[in-house]
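Can you build the whole structure from these sequences, using the hints too?
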Amino acid sequence: MSVVPISYYLVLSGVLFGLGVIAFVYKRNIITIFMSIELMLNAVNLAFVTFARAHDQLDGLVFVFFVIVVAAAEAAVGLAIVIMLSQNRQSLSIERINHLKL
Amino acid sequence: MSVPFLLFFVCGVLAVTGAILLIWAKEPIHSALSLILVMVSLAVLYLLLGAPFIAAIQIIVYAGAIMVLFVFVIMLLNAGAEEHTDFSRLAKYVGLPLGVILIFWAAYWLLRSPAGGGGVTGGLIAGPDSTQKLSKQLFQQFLFPFEATSILILIAILGALVLARKQE
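Chains as they are written, first to last, in this note's numbering: chain A, 1 to 102; chain B, 1001 to 1168.
Hints should not be assumed to be uniformly reliable.
Derived lysine-lysine pairs resembling DSBU-like cross-links, with alpha carbons at most 30 Å apart [stated by the list, open to error]: (1) K101/A to K1166/B; (2) K1092/B to K101/A; (3) K1026/B to K101/A; (4) K1092/B to K1026/B.
Since the hints were derived computationally from the structure, they do not count as laboratory data.
As structure tokens, then:
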């Protein structure tokens, strides 16, 4: 039985991370920007699992577990911030949220 | 072409399609649904890599909890189509090509990486008792970080409550 080479998984992970970066800089809705961060975290998780498999070490899987926990906490706090911002600004577009801009 | 290969290509294509749809979609809810597609196909890839526990929490925590939270917030805020004001010409003519170059550059170097020598079968993490081994690792070597995550979650709940409270 032939198996899928490790490098294929790494390429998929890299492509997904790149698409996440593009979505992060291209999208203008603050919720979608948040979702592209989640996409990048997913891509990194795939690389972690792949390397855990390649080196036959369980530590990579433990790291994926922690990444998922931190992503959950981040989503909770971040979406609370989004709700607060939309109440204050009446908009979700980051063109309108520019008060820290010089 | 064997079954793992076929499964990898189907799920890989689905994941990349979902990521592209996330960028393509105008409505945030469509982006959220395509992100769920990415997460489900990644869960299948985790199963293929012999990590059933990670695949399960990918579905339960990511596709279940986090994305439901996203969809709920989109519904709550009634988020419509995003408006693209004339964003800078620098971003359009330099940023997007550089992003595409980043993708191909990363793909090229990862394909040539020294770790890429053939797939691994069997081994420590792929057996039927891999979840048992993972839990032993988690509750022995990583016990302190594991307990610290519970405090992190607690603080995140408090933070979300304080932030989303009605301002008086």
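Handout entry: Violating hint indices (sorted, rising)
Key = none
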